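Colleague: Read top to bottom, the protein sequences are chains L and A. Just so it is clear: in the first sequence, position 34 is 34 by this note's numbering, and no numbers are missing. Each number in this note's numbering corresponds to the 1-based position in the second sequence with 1000 added.
No lab work stands behind these hints, which were simulated from the structure alone. Quick caveat: nothing in here was measured; it's all calculated off a predicted structure. Errors might be hidden in some of the hints.
Straight-line distance between alpha carbons at most 27 Å, and here's what the computed BS3-like set of lysine-lysine pairs gives [said to hold, decoys possible]:
(1) A/Lys1119 with L/Lys71
(2) L/Lys133 with L/Lys76
(3) L/Lys93 with A/Lys1023
(4) L/Lys97 with A/Lys1102
(5) L/Lys93 with A/Lys1119
(6) L/Lys71 with L/Lys58
(7) A/Lys1115 with L/Lys97
(8) A/Lys1119 with L/Lys49
(9) L/Lys133 with L/Lys72
(10) L/Lys121 with A/Lys1115
Cβ-to-Cβ under 7 Å is the rule here; a few derived chain L residues that face chain A [stated by the list, open to error]:
(11) Ala51
(12) His55
(13) Asp59
(14) Glu66
(15) Pro68
(16) Glu73
(17) Asp74
(18) Pro139
(19) Ile142
(20) Leu144
Yeah, the Cβ is synthetic: ideal placement off N, Cα and C, and Gly gets one too.
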Amino acid sequence: MKLIRTNPFSLNRVSDFDEWFRHPFAGMPSLSTLFNNLGEVFPGVANDKLAVDVHEDKDNYLASFEVPGVKKEDVKIELNNGLLSVAVEKREKDGDKENSYSLTRSVSVPEGVNAEAISAKLEDGILTVTLPKQERSKPRTITLN
Amino acid sequence: MNTTCSPSSCAPATSGVTESLRKPLYNVNGNAEAYEVRVEMPGVPKGGVKIDLEDSILTIRGERNATVPEGMKTLHRELSPLSYLLRLRLNTPVDEEQMTAKLEDGVLTLRLPLKEVAKPRQIPVL
């Protein structure tokens, strides 16, 4: 499994485009709608996307993707310009020949995530990406002297 | 092979059981020796699958792990927390004793060897 952090300042068409959809994924069911609409405009772009759940506690965000049958070496995770992208290669044996196809999904990462500390694990066909919050974005209790 | 789930008690439609289950995606391949059933069950751990063959009905049940980690708040949800149930009627006799099952990366692969009587036979011309 590779965790690649690409240069956030590199400008290319894709990242410019993503900029439009950029907002924290907290309460963002509309994002998937946007991506679905995108698929209507550009067939094939948003099809075959992976299903995702996003959870949060005080220390971490957790993104879980359903990837049954996918091996560790066929998973690529990338953080670019505040967008977490997961791409997997699925290989299926059909008799003697092997078919493979790609599935992808991107979610916007909220501000205040410690990008250096993002980790991922693959278990029972579920890919879990842990995005730790930075110290300053955790709730803090201030005690009065 | 576990037999805790008989086909009739697993079917919500016929028994009126309130538990909700969903049908997983699956593929069946076959050759002259065996059928191979491949069932996608993401989130089912090893030991969470029960397979039962009774009256040529193959019942596969997979218990899904909890999708929401304890103590966490859900921000966005697409994954279904429901467990899986697949029932297949076999129209060919299979060798029950030689059935094998393997759960790997959320995919169950079931091999159902055909009984000798069901295998194609070459008849030599004398």
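Colleague: Could you work out which earlier hints the structure fails to respect and list their numbers in ascending sequence?
Modeller: Violated hints: 1, 6, 8, 10, 13, 16, 17, 18, 19 and 20; rest satisfied.
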